[in-house]
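Chemist: Sequence:
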Amino acid sequence: MSEASSAVARYGVREQIEVASATDEAVESLRLLGYAVLDGGYSTAELDAFSSAFDEAHAGLVSRYGLDHLTAIDEHNTIRAMLSTHSAFIALASNRPVLEVCRRLIGGAIVLNQQNGIVNPANNQRYNQGSYHRDLPYQHFVSSRPLAINALFCLDAFTPDNGATRVLPATHKQEAFPSDHMIQAIETKVTAPRGSFILLDCMTYHSGGANRTAARRRAVNHVYTIPLLKQQISLPDLLGDDFTGDEELRKLLGYPYRTPTDLSAYYKSR
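Counting with this note's numbering, you get residues 1150 to 1419 for the letters of the sequence shown.
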(Lines of atoms letter the chains of each structure in order from A and count residues from 1; the text may use other names and numbers.)
(Lines give C-alpha, C1' and ligand atoms only; values in the text may rest on other atoms or scores of the structure.)
Protein backbone atom coordinates (compact mmCIF):
# COMPACT_ATOMS: atom_id res chain seq x y z
CA MET A 1 0.00 0.00 0.00
CA SER A 2 1.44 3.39 -0.98
CA GLU A 3 1.62 6.36 1.40
CA ALA A 4 -0.86 8.21 -0.79
CA SER A 5 -3.53 5.46 -0.69
CA SER A 6 -3.12 4.49 2.96
CA ALA A 7 -6.08 5.05 5.29
CA VAL A 8 -3.70 6.39 7.95
CA ALA A 9 -1.65 9.45 7.07
CA ARG A 10 2.10 9.10 7.57
CA TYR A 11 5.35 10.64 6.40
CA GLY A 12 8.75 9.09 5.80
CA VAL A 13 7.60 5.54 6.62
CA ARG A 14 9.52 2.85 4.75
CA GLU A 15 8.44 -0.23 6.72
CA GLN A 16 5.15 -1.30 8.26
CA ILE A 17 3.78 -4.40 10.00
CA GLU A 18 1.32 -6.21 7.75
CA VAL A 19 -1.78 -7.84 9.24
CA ALA A 20 -4.22 -10.05 7.34
CA SER A 21 -6.15 -11.82 10.11
CA ALA A 22 -7.39 -11.56 13.68
CA THR A 23 -4.43 -13.72 14.69
CA ASP A 24 -2.00 -11.26 13.08
CA GLU A 25 -3.68 -8.39 14.93
CA ALA A 26 -3.46 -10.20 18.26
CA VAL A 27 0.22 -11.02 17.74
CA GLU A 28 1.05 -7.42 16.87
CA SER A 29 -0.89 -6.06 19.86
CA LEU A 30 0.78 -8.49 22.26
CA ARG A 31 4.23 -7.60 20.99
CA LEU A 32 3.62 -3.87 21.15
CA LEU A 33 1.22 -3.41 24.09
CA GLY A 34 1.40 -6.71 25.96
CA TYR A 35 -2.30 -7.55 25.60
CA ALA A 36 -5.00 -8.30 23.03
CA VAL A 37 -8.59 -9.56 22.74
CA LEU A 38 -9.29 -12.55 20.49
CA ASP A 39 -12.63 -14.13 19.62
CA GLY A 40 -12.79 -17.77 20.68
CA GLY A 41 -15.06 -18.85 17.82
CA TYR A 42 -17.69 -20.55 19.99
CA SER A 43 -21.45 -20.75 19.43
CA THR A 44 -24.02 -19.76 22.04
CA ALA A 45 -24.76 -23.43 22.67
CA GLU A 46 -21.06 -24.17 23.26
CA LEU A 47 -20.77 -21.22 25.65
CA ASP A 48 -23.81 -22.44 27.56
CA ALA A 49 -22.19 -25.88 27.85
CA PHE A 50 -18.98 -24.31 29.20
CA SER A 51 -21.05 -22.34 31.72
CA SER A 52 -22.86 -25.45 32.97
CA ALA A 53 -19.59 -27.39 33.28
CA PHE A 54 -18.01 -24.45 35.15
CA ASP A 55 -20.88 -24.22 37.64
CA GLU A 56 -20.81 -27.99 38.22
CA ALA A 57 -17.06 -27.89 38.85
CA HIS A 58 -17.39 -25.03 41.34
CA ALA A 59 -20.23 -26.78 43.18
CA GLY A 60 -18.21 -30.00 43.28
CA LEU A 61 -15.19 -28.19 44.71
CA VAL A 62 -17.25 -26.65 47.50
CA SER A 63 -18.96 -29.97 48.23
CA ARG A 64 -15.63 -31.82 48.45
CA TYR A 65 -13.59 -29.36 50.52
CA GLY A 66 -16.20 -27.19 52.24
CA LEU A 67 -16.77 -23.48 51.75
CA ASP A 68 -15.33 -22.52 55.13
CA HIS A 69 -12.06 -24.35 54.48
CA LEU A 70 -11.72 -22.95 50.96
CA THR A 71 -12.44 -19.45 52.23
CA ALA A 72 -9.84 -19.83 54.99
CA ILE A 73 -7.14 -20.59 52.40
CA ASP A 74 -8.52 -18.05 49.90
CA GLU A 75 -9.39 -20.69 47.30
CA HIS A 76 -13.19 -20.30 47.32
CA ASN A 77 -13.20 -18.23 44.10
CA THR A 78 -10.69 -20.40 42.22
CA ILE A 79 -11.13 -23.85 40.65
CA ARG A 80 -7.73 -25.41 39.99
CA ALA A 81 -7.03 -27.69 37.02
CA MET A 82 -10.43 -27.31 35.39
CA LEU A 83 -9.59 -29.88 32.71
CA SER A 84 -9.65 -32.63 35.33
CA THR A 85 -13.34 -31.91 35.99
CA HIS A 86 -14.83 -32.03 32.47
CA SER A 87 -13.64 -32.83 28.95
CA ALA A 88 -15.03 -29.48 27.75
CA PHE A 89 -12.07 -27.76 29.38
CA ILE A 90 -9.59 -29.93 27.49
CA ALA A 91 -11.19 -28.61 24.31
CA LEU A 92 -11.06 -25.05 25.64
CA ALA A 93 -7.35 -25.35 26.46
CA SER A 94 -6.78 -26.60 22.90
CA ASN A 95 -8.40 -23.57 21.23
CA ARG A 96 -6.65 -23.32 17.86
CA PRO A 97 -6.51 -19.52 17.45
CA VAL A 98 -5.05 -19.16 20.95
CA LEU A 99 -2.47 -21.88 20.39
CA GLU A 100 -1.48 -20.30 17.07
CA VAL A 101 -0.84 -16.96 18.79
CA CYS A 102 1.20 -18.72 21.49
CA ARG A 103 3.29 -20.64 18.97
CA ARG A 104 4.04 -17.52 16.95
CA LEU A 105 5.08 -15.53 20.00
CA ILE A 106 6.80 -18.13 22.16
CA GLY A 107 8.19 -20.24 19.34
CA GLY A 108 8.95 -23.96 19.53
CA ALA A 109 7.09 -26.16 22.00
CA ILE A 110 4.46 -24.77 24.35
CA VAL A 111 3.00 -26.37 27.47
CA LEU A 112 -0.21 -25.68 29.35
CA ASN A 113 1.18 -24.57 32.69
CA GLN A 114 -2.20 -24.11 34.38
CA GLN A 115 -5.93 -23.82 33.75
CA ASN A 116 -7.99 -22.32 36.56
CA GLY A 117 -11.59 -21.23 36.84
CA ILE A 118 -11.90 -17.77 38.36
CA VAL A 119 -14.93 -16.18 39.97
CA ASN A 120 -15.04 -12.43 40.48
CA PRO A 121 -17.71 -12.23 43.20
CA ALA A 122 -20.68 -9.90 43.08
CA ASN A 123 -21.34 -6.75 45.08
CA ASN A 124 -17.74 -5.58 45.27
CA GLN A 125 -16.59 -8.44 47.50
CA ARG A 126 -12.88 -8.99 48.04
CA TYR A 127 -11.21 -10.67 45.07
CA ASN A 128 -7.74 -12.21 45.26
CA GLN A 129 -6.90 -11.17 41.70
CA GLY A 130 -7.65 -7.53 42.48
CA SER A 131 -4.03 -6.43 42.95
CA TYR A 132 -1.56 -5.72 40.17
CA HIS A 133 0.71 -8.65 39.37
CA ARG A 134 2.53 -10.51 36.65
CA ASP A 135 1.57 -14.09 35.88
CA LEU A 136 5.19 -14.96 36.48
CA PRO A 137 5.08 -13.26 39.90
CA TYR A 138 8.08 -11.91 41.81
CA GLN A 139 10.10 -11.69 38.57
CA HIS A 140 11.75 -8.47 37.42
CA PHE A 141 13.22 -9.14 34.00
CA VAL A 142 12.25 -8.76 30.36
CA SER A 143 12.93 -11.05 27.42
CA SER A 144 13.10 -10.62 23.65
CA ARG A 145 10.09 -12.91 23.23
CA PRO A 146 7.47 -14.11 25.73
CA LEU A 147 8.23 -17.01 28.02
CA ALA A 148 4.53 -17.34 28.81
CA ILE A 149 1.15 -16.17 27.50
CA ASN A 150 -2.00 -15.79 29.58
CA ALA A 151 -5.30 -16.58 27.83
CA LEU A 152 -8.24 -15.53 30.01
CA PHE A 153 -11.47 -16.96 28.60
CA CYS A 154 -14.48 -14.72 29.22
CA LEU A 155 -17.28 -17.07 30.20
CA ASP A 156 -19.25 -13.91 30.97
CA ALA A 157 -18.76 -10.56 29.26
CA PHE A 158 -16.11 -8.35 30.86
CA THR A 159 -17.57 -4.87 31.39
CA PRO A 160 -16.53 -1.74 33.31
CA ASP A 161 -19.18 -2.58 35.92
CA ASN A 162 -18.34 -6.24 36.57
CA GLY A 163 -14.58 -5.91 36.87
CA ALA A 164 -13.00 -5.53 33.45
CA THR A 165 -9.32 -6.49 33.59
CA ARG A 166 -7.03 -3.53 34.21
CA VAL A 167 -3.80 -3.55 32.20
CA LEU A 168 -0.66 -1.42 32.28
CA PRO A 169 0.24 -1.46 28.57
CA ALA A 170 3.79 -2.26 27.48
CA THR A 171 5.00 -3.09 31.01
CA HIS A 172 6.27 -6.41 29.65
CA LYS A 173 9.15 -4.31 28.29
CA GLN A 174 10.21 -2.83 31.65
CA GLU A 175 11.73 -4.73 34.53
CA ALA A 176 10.40 -2.63 37.43
CA PHE A 177 6.80 -1.96 38.43
CA PRO A 178 5.84 1.54 37.21
CA SER A 179 5.50 4.52 39.52
CA ASP A 180 2.05 5.30 40.92
CA HIS A 181 1.99 8.42 38.74
CA MET A 182 2.61 6.39 35.60
CA ILE A 183 0.05 3.75 36.62
CA GLN A 184 -2.63 6.42 36.88
CA ALA A 185 -1.61 7.78 33.48
CA ILE A 186 -1.61 4.53 31.49
CA GLU A 187 -4.04 2.18 33.28
CA THR A 188 -6.43 0.67 30.72
CA LYS A 189 -9.65 -1.27 31.33
CA VAL A 190 -9.99 -4.13 28.87
CA THR A 191 -13.60 -5.01 28.09
CA ALA A 192 -14.42 -8.15 26.12
CA PRO A 193 -17.56 -9.97 24.96
CA ARG A 194 -18.60 -13.37 26.23
CA GLY A 195 -16.69 -16.12 24.44
CA SER A 196 -13.53 -14.12 23.79
CA PHE A 197 -10.03 -14.48 25.21
CA ILE A 198 -8.10 -11.66 26.82
CA LEU A 199 -4.48 -12.46 25.93
CA LEU A 200 -1.58 -11.13 27.97
CA ASP A 201 2.16 -11.41 27.82
CA CYS A 202 2.65 -12.87 31.29
CA MET A 203 5.11 -10.10 32.16
CA THR A 204 2.48 -7.41 31.54
CA TYR A 205 1.18 -6.06 34.84
CA HIS A 206 -2.57 -6.51 35.17
CA SER A 207 -5.32 -6.77 37.75
CA GLY A 208 -8.93 -7.84 38.04
CA GLY A 209 -11.33 -4.96 38.58
CA ALA A 210 -14.05 -4.63 41.21
CA ASN A 211 -17.35 -6.33 40.35
CA ARG A 212 -20.03 -3.82 41.34
CA THR A 213 -22.91 -5.81 39.84
CA ALA A 214 -25.25 -8.27 41.55
CA ALA A 215 -23.97 -11.22 39.46
CA ARG A 216 -20.64 -13.02 39.76
CA ARG A 217 -18.34 -12.86 36.74
CA ARG A 218 -16.78 -16.12 35.58
CA ALA A 219 -13.63 -16.79 33.56
CA VAL A 220 -11.21 -19.62 32.82
CA ASN A 221 -7.55 -18.68 32.94
CA HIS A 222 -4.86 -20.45 30.92
CA VAL A 223 -1.12 -19.93 31.10
CA TYR A 224 0.97 -21.37 28.25
CA THR A 225 4.73 -21.49 28.75
CA ILE A 226 7.99 -22.82 27.42
CA PRO A 227 8.58 -26.40 28.66
CA LEU A 228 11.37 -25.21 30.96
CA LEU A 229 8.87 -23.71 33.44
CA LYS A 230 7.27 -26.16 35.84
CA GLN A 231 3.50 -26.57 35.81
CA GLN A 232 1.44 -25.18 38.68
CA ILE A 233 0.07 -28.71 39.16
CA SER A 234 1.64 -31.64 37.30
CA LEU A 235 -1.08 -32.36 34.75
CA PRO A 236 0.40 -35.71 33.64
CA ASP A 237 0.41 -36.92 37.25
CA LEU A 238 -3.09 -35.53 37.85
CA LEU A 239 -4.61 -37.02 34.70
CA GLY A 240 -2.61 -40.25 34.57
CA ASP A 241 -0.28 -41.79 31.99
CA ASP A 242 -3.14 -43.27 29.94
CA PHE A 243 -5.26 -40.10 29.78
CA THR A 244 -4.83 -39.65 26.02
CA GLY A 245 -2.98 -41.16 23.09
CA ASP A 246 -3.13 -37.92 21.11
CA GLU A 247 0.55 -36.98 20.80
CA GLU A 248 -0.09 -33.27 20.20
CA LEU A 249 -2.36 -33.09 23.23
CA ARG A 250 0.18 -34.99 25.33
CA LYS A 251 2.80 -32.40 24.39
CA LEU A 252 0.45 -29.54 25.29
CA LEU A 253 -0.28 -31.16 28.67
CA GLY A 254 3.42 -31.63 29.38
CA TYR A 255 3.82 -35.42 29.22
CA PRO A 256 7.15 -35.38 27.31
CA TYR A 257 8.61 -32.68 29.56
CA ARG A 258 8.26 -34.24 33.01
CA THR A 259 11.34 -34.15 35.23
CA PRO A 260 12.93 -37.62 35.24
CA THR A 261 12.93 -39.15 38.72
CA ASP A 262 16.08 -41.23 38.22
CA LEU A 263 18.82 -41.98 35.70
CA SER A 264 16.86 -44.77 33.99
CA ALA A 265 13.91 -42.44 33.44
CA TYR A 266 16.23 -39.80 32.00
CA TYR A 267 17.76 -42.26 29.53
CA LYS A 268 14.28 -43.40 28.52
CA SER A 269 13.30 -39.77 27.83
CA ARG A 270 16.24 -39.45 25.44
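Think of the hints as simulated: they come from the structure by calculation, not from any bench. Glycine is no exception: its CB is placed at the ideal position from the N, C-alpha and C atoms. A few of these clues could be false.
Restraint ranges, calculated between C-beta atoms of paired labels, are given here [as the list claims (entries may be wrong)]:
#1 R1275 with S1170: 36 to 42 Å
#2 E1324 with L1216: 38 to 44 Å
#3 R1252 with V1291: 41 to 47 Å
#4 A1171 with A1208: 33 to 39 Å
#5 H1218 with A1271: 39 to 45 Å
#6 D1173 with A1363: 35 to 41 Å
#7 V1157 with I1222: 25 to 31 Å
#8 G1190 with N1277: 41 to 47 Å
Chemist: Now tell me if each hint is right for this structure.
Modeler: We went through each hint and held it up to the structure:
Our hint of 36 to 42 Å for R1275 and S1170 holds, since their Cβ atoms are close to 40 Å apart. Between E1324 and L1216 the CB atoms are about 40 Å apart, so this pair conforms to the stated range of 38 to 44 Å. Remark: the range hint 41 to 47 Å for R1252 to V1291 is contradicted by a beta-carbon distance near 21 Å. A beta carbon spacing of about 35 Å between A1171 and A1208 agrees with the range 33 to 39 Å that was offered as a hint.
The hinted window of 39 to 45 Å between H1218 and A1271 is violated, with their beta carbons roughly 22 Å apart. For D1173 and A1363, the hinted distance range of 35 to 41 Å is satisfied, since their beta carbons lie about 39 Å from each other. A hinted range of 25 to 31 Å is violated for the C-beta pair V1157 and I1222, which are about 51 Å apart. Judged by the Cβ atoms, the range 41 to 47 Å given for G1190 and N1277 is violated: they are separated by roughly 30 Å.
The structure does not agree with the numbered hints 3, 5, 7 and 8 stated previously, though it agrees with the rest.
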